[in-house]
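Listed here are the chains, written in short residue letters.
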Amino acid sequence: MMITLKNTNFSYKNTPVFTDFTWQVQRGERWALLGPSGCGKTTLLYLLAGLRFPEEGELAIDGDMITRPRPETGLILQEYGLLPWATVEENVGLGARIHSFYGADGVHAPSHETHVTRNLSAWLERLGLENLSSKYPSQLSGGQRQRTAIARTLSLNPDLLLMDEPFSSLDALTRADLQNLTLELCSEENLTLIMVTHSIEEAVIMGRKILLLGNPPNKKPMIIDNPFAGKEGYRNSRDYTELCQNLRRQMEHA
Amino acid sequence: MKKREVALAALGIFVFWQISATIIDKSILPTPMVVVPVFFEELFSGKMLGHALSSLWRALAGMLLAILLAAPAGLVLGQSKSLNRFFSPVIYLLYPIPKVVLVPIVLLFFGVGDFPKIVIIFMILFFQILVLVRDQAVALPTELIESVRSLGAGRRALFRFVYLPASLPAILTALRQSVGTAVAVLYITETFATRQGLGYYIFLNASTLLNYPAMYAGVLAMSLLGLGLYFSVDWLERRLCKWQLID
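Chains S and A supply the protein sequences, listed in that same order.
Using our numbering, the first residue of the first sequence is number 29, and each one after it goes up by one.
Using our numbering, the first residue of the second sequence is number 69, and each one after it goes up by one.
This is chain S alone, in the form it adopts within the complex:
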């Protein structure tokens, strides 16, 4: 089991967001966390990232209780994740520099990590950034910035990728392009993916499984299977449209 949440409680500003919440994720699964704003989906992602901690209950990833950010977990946020004073190349290499700053101590960097000079140029190339490597984030488009963030995160060889509405400020074409790229990268790198989104369409494109959250407190997880996600042509299929409509109805009733 990759992720285990067992009887978890968490409140935000004295309002319970999760009460007695239990949820499990298998290795290699792709999940979309969907819900209206304020439902707790970002909170759940921050719990998984080790940036917030449950008040009660158990949260384990890969068998270990989470007490701080886990070195094998990658996190990509909607915006502002890049250092504005560093070039694309320096931003992509930031993780490697931080890891070599501490050494492979198992706390800040995975303990089995022996080599910190990763193949950064290969990652720049894979994300189509090779011609932008000396540019600063302010000189990039939103899509190029997220590509940089993805290259930075994946260059650390994570096994779990957490994304918080990573494409919501992008135009429709760029968004679709990066959604496809993310799906490709997830299968290339055998990643477990958890993506938070408020867009029904994005959840259906990205999530083989969809966790639907409602107004807090969330008690029982509502899980929708989406077996065809990631199949070619799924965007234009009837299954896709029907599931989107179905989810919209469920969200309106919740």
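Check before you lean on any hint, since a few could be wrong.
Think about it this way: if two alpha-carbon atoms lie no more than 25 Å apart in a straight line, the pair counts; the simulated DMTMM-like pairs of lysine to aspartate or glutamate are [claimed, not checked]:
#, chain 1, residue 1, chain 2, residue 2
1, S, Lys34, S, Asp90
2, S, Lys163, A, Asp302
3, S, Lys248, S, Glu118
4, S, Lys163, A, Glu214
5, A, Lys149, S, Glu83
6, S, Lys163, A, Glu305
7, A, Lys149, S, Glu107
8, A, Lys71, A, Glu214
9, A, Lys310, S, Glu158
10, A, Lys310, S, Glu118
11, S, Lys163, A, Glu211
12, S, Lys41, A, Glu305
13, S, Lys237, S, Glu217
14, A, Lys310, S, Glu107
15, A, Lys310, S, Glu117
Taking beta-carbon pairs under 7 Å as the criterion, some of the chain S residues facing chain A (in silico) [claimed, not checked]:
#, residue
16, Leu79
17, Phe81
18, Leu103
19, Tyr108
20, Trp113
21, His127
22, Ala132
23, His136
24, Ala137
Simulated from the structure, these hints should not be mistaken for lab results.
Remember, predicted model here, so these are calculated numbers, not experimental data.
Every residue, glycine too, gets a C-beta built ideally from N, C-alpha and C.
We have chain S already, so just place chain A on it with the hints.
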């Protein structure tokens, strides 16, 4: 601005000085043709060099001390909401006080020598750097901090890779804004209770020796000191903060 434009402007100012001094034709306004040779003579014969070095040392020591104390303090205040809430009103009150009025008090406390001058320059720069660095640290988006933490950064790496580079532009901006004031106040402190420094040199030549060309050479040296510091900060900013100059 291009180097050529700046050089042309400097030339223009000297030409203007030359023409007005020729027209006015008084001993209290010597022409640059007289002052510039005296400037080099005084500097290299050694009479002015010692004074110039004292002033330079005081300015640099004050700047360095201010950076070393204000930048970490600004970073700490910027990261801790409760400390910032506690100190904000104090800074709010102390920040706008013209530090030059404290010169007599500082002199009374620290007496003669370099130290009171360094303290004054330190006080002028300290609050400027503190406030700008603090605001810069507060303005860092939480998302950025969380992202870098997710790459494995703890407190030390955050400091090294985020807070330190983020405070650099703030320090340089603060220096650029207040280095002129610092040199001006340095001049005032050097006109009493000392026998060292360009302020003393100018004052001595103006009021006791009545050597106007030498006085002007001192004024020129003090101006060059201010300009030199300003240019250095500018140069550092262009080198270290390239990312801010991009549109």
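We went through each hint and held it up to the structure:
1. S:Lys34 - S:Asp90: holds, 14 Å
2. S:Lys163 - A:Asp302: Holds, at about 22 Å.
3. S:Lys248 - S:Glu118: violated, 43 Å
4. S:Lys163 - A:Glu214: Status holds; Cα separation ~23 Å.
5. A:Lys149 - S:Glu83: The hint holds at about 23 Å.
6. S:Lys163 - A:Glu305: holds, 18 Å
7. A:Lys149 - S:Glu107: Judged against 25 Å, a Cα distance of about 23 Å means the pair holds.
8. A:Lys71 - A:Glu214: violated, 43 Å
9. A:Lys310 - S:Glu158: It holds: about 20 Å lies between the C-alpha atoms, which stays within 25 Å.
10. A:Lys310 - S:Glu118: holds, 14 Å
11. S:Lys163 - A:Glu211: holds, 21 Å
12. S:Lys41 - A:Glu305: violated, 42 Å
13. S:Lys237 - S:Glu217: holds, 19 Å
14. A:Lys310 - S:Glu107: This hinted pair holds, its Cα atoms lying about 22 Å apart.
15. A:Lys310 - S:Glu117: holds, 15 Å
16. Leu79: Check passed: Cβ of Leu79 of chain S comes within 6 Å of chain A, closer than 7 Å.
17. Phe81: Since the shortest Cβ distance to chain A is 14 Å, the answer is violated.
18. Leu103: holds, 4 Å
19. Tyr108: With a closest approach of 4 Å, the Tyr108 of chain S hint holds.
20. Trp113: This hint holds: Trp113 of chain S lies near chain A, its Cβ roughly 5 Å from the closest one there, short of 7 Å.
21. His127: holds, 6 Å
22. Ala132: With a closest approach of 10 Å, the Ala132 of chain S hint is violated.
23. His136: For His136 of chain S, the interface hint holds, since the closest Cβ of chain A sits about 4 Å away, which is under 7 Å.
24. Ala137: OK, holds: Ala137 of chain S within 7 Å of chain A, min 5 Å.
In this structure, the hints that do not hold are numbers 3, 8, 12, 17 and 22, in rising order.
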